[in-house]
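As you go down the protein sequences, you meet chains A and B in turn.
The opening position of the first sequence corresponds to residue 1 in the working numbering, with each subsequent residue numbered one higher.
The opening position of the second sequence corresponds to residue 1 in the working numbering, with each subsequent residue numbered one higher.
If you are wondering where the hints come from, they were derived from the structure by calculation, not from laboratory data.
Among these hints, one or two may not hold up.
Away from chain B, derived, C-beta distances all over 10 Å, residues of chain A [claimed, not checked]:
1) HIS93
2) ARG98
3) THR111
4) GLY112
Not everything, but these chain A residues come out facing chain B in the computed CB check (under 7 Å) [unchecked claim]:
5) GLU8
6) LEU10
7) ASP12
8) SER13
9) LEU16
10) ALA52
11) TYR53
12) ALA57
13) VAL63
14) LEU132
15) GLY133
16) PRO136
17) PHE138
18) PRO196
19) ASN202
Small disclaimer: the values here were computed from a predicted structure and weren't measured.
Built from N, CA and C at the ideal position, the CB exists for glycine as well.
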Amino acid sequence: MSGFPRVEPLGDSALLVVLGEGADAWLMARVVGLAERIGRAHLPGVRDVVPAYGSVAVFFDAVSQDGEALAEQLALAAQAPETRAQAPQRAMHVLPVRYDGPDLADVAERTGLSSAEVIRRHSQPAYDVHFLGFAPGFAYLGPLDAALVLPRRGEPRRRVPAGSVAIAGVQTGVYPLETPGGWHLIGRTGAVLFDPARDPPNLLAPGDRVRFSPVEE
Amino acid sequence: MITVLKAPPFATVQDLGRIGHLHAAVPRAGALDPFALIVANLMVGNSRDAAAIEWGVAGGEVRFERDAIIALSGATAAATLGGRPLAEDRAQRARAGDSLTIERIQTGAWVYLAVDGGIDVPPVLGSRATYLPARFGGFEGRLLRTGDRLPLGRAAPTAVPQKQPPVGWRTDKTDAPIALLPGPDRGLLAAPAWDWLLGTEFRVSRAVSRMGYRLEAPPLALTLPGDRLSAPACPGTVQLPPGGEPIVLMPDGPTVGGYLRIAVVPTTELGRLAQCTPGERVRFQIIELSEARARLRRQEELLHRLAQSA
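Build out the structure end to end from the sequences listed, making use of the hints.
If you want it as structure tokens, here you go:
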């Protein structure tokens, strides 16, 4: 493995700009900043710029564009000094959560905390929206309280209900649609995270912040 | 208007998919065999990205409620139009009231039915492609059902049945290995696992969907990394979960994934894999990135010639 940053292919029509490994806030800020810079540069043939943990994927039209030349441009962009002209306005979202998920008791047992303490530790922080991925509306949020960090479930569920609030590793998130899923379900929210008729369709955007607010019935 | 008289088991409205929404975690969706969709569209005089019916698994019947120029592409099918056997290698005129019956799909998995003017469902996020997991796009975001009435776009007044398409228009069924490019996580895979990927005859599992095709093989006797942070993926990405059965992502697949991305099926080859049916055997062979991009340009030249041949 070579060092960081590096540019490598993802198939014939996408390139990855890899800045590092991990989910820490500093790395995520650099990834989101780089994705914004690449997006603003309007490079010819570039169709989509997708941030994720440690890397940015750049999708392009490989029929009309020279992938080698684009790789060189991206390598330069990754090395350019990180100037963020002004700190953009970041939205704060408060999502009401009923903490009655099917895995809440299991999470409490495995972390050695009471259910009330799991809820307190999950609903206390303001999380960063790292990026969106997996399914429409799904935002990767973090960092999670260290006491709540657990590996994914051994056996993923075939169906996780829409609105499920879940944790896995150092991350937390909300399943926007009914999908399969391997995270621990601790609650549910009525917030609509994705609506294709809305502009933008996603409630959350990278760089936004999210807090979960416990509600009774 | 097209009326679905007898819905096939798995049919959706598809075009070339959504461009520019991956960062919002909205997959591209669109045809599993985009080349076949484009060919069918060009044969009836449509633009490449017009919406058509992606028709899978088995037969069914539809009726055209106006005069139409139609073409089938992709998998081969035993079909009749107005009771007469349908020649498959060119566009056909259907009269208002004519029924198209696909008795069965013969070779391949997905047939594309293009109609002049295209299927005129409302675009969602810039595309008419059905995305089943979130139930949007296409016809009411779902599989076609018996009784559905699909609106058609206005046919171009100059649209005439095209000449026969040039050689190479069909995604040929061959035993040739499916090409592969090394994936971003190839370096995390030990040499024996790489040899296994390239030396094994895989079977397409019954667990195929528009999100991904699972491939079955004797299990890989190696410990693979389990929990990883999610990283970008694309249609064609070959993921290797800890269980050792590769999953090839298809157009409805997730935009990021937590499994090892050991390889990527090149753009021009993914349709050929998508046309494989459960139980079919596939092998893989590594090609150079420059060769994958050269094949993409050659395919483009072929489509250009087809578009010019009217």
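Here is what the structure says about each hint:
1. Every C-beta of chain B lies more than 10 Å from that of HIS93 (chain A), the closest at about 16 Å, which supports listing it as non-interface.
2. In this structure ARG98 (chain A) is separated from chain B by more than 10 Å, as the shortest Cβ-Cβ distance comes to about 23 Å.
3. For THR111 (chain A), the requirement that its beta carbon stay farther than 10 Å from each beta carbon of chain B is met, with the minimum near 17 Å.
4. Once the 10 Å rule is applied to beta carbons, GLY112 (chain A) is consistent with being away from chain B; the minimum gap is 21 Å.
5. Taking 7 Å as the C-beta contact cut-off toward chain B, the hint placing GLU8 (chain A) at the interface holds, the least distance being around 6 Å.
6. The interface hint given for LEU10 (chain A) holds, since its Cβ lies 6 Å from the closest Cβ of chain B, which is under the 7 Å cut-off.
7. Taking 7 Å as the C-beta cut-off, the interface hint given for ASP12 (chain A) holds, the closest approach to chain B being about 4 Å.
8. Interface hint at SER13 (chain A): satisfied, since its Cβ lies 6 Å from the closest Cβ of chain B, which is below the 7 Å cut-off.
9. At about 6 Å, the closest approach between the beta carbon of LEU16 (chain A) and any beta carbon in chain B falls short of 7 Å, and the interface hint on this residue holds.
10. Checking ALA52 (chain A) against chain B: minimum C-beta separation of about 5 Å stays under 7 Å; hint holds.
11. Interface hint status for TYR53 (chain A): upheld, as the beta-carbon distance to the closest one in chain B is roughly 4 Å, under 7 Å.
12. For ALA57 (chain A), the interface hint holds, the least distance from its beta-carbon to any beta-carbon of chain B being 3 Å, beneath 7 Å.
13. Look at VAL63 (chain A): its Cβ gets to within about 5 Å of chain B, closer than 7 Å, so that hint holds up.
14. The closest approach between the C-beta of LEU132 (chain A) and any C-beta of chain B is roughly 4 Å, which is under the 7 Å cut-off, so the hint is satisfied.
15. Given the 7 Å rule on beta carbons, the hint for GLY133 (chain A) holds: about 3 Å separates it from the nearest Cβ of chain B.
16. Because the smallest distance between the Cβ of PRO136 (chain A) and any Cβ of chain B comes to about 5 Å, under 7 Å, the interface hint for this residue holds.
17. At a threshold of 7 Å, the smallest CB-CB gap from PHE138 (chain A) to chain B is about 6 Å, leaving the interface hint in force.
18. The beta carbon of PRO196 (chain A) is positioned within 7 Å of a beta carbon in chain B (closest approach about 4 Å), and the interface hint is therefore held.
19. Given the 7 Å rule on beta carbons, the hint for ASN202 (chain A) holds: about 5 Å separates it from the nearest Cβ of chain B.
The structure shown violates none of the earlier numbered hints.
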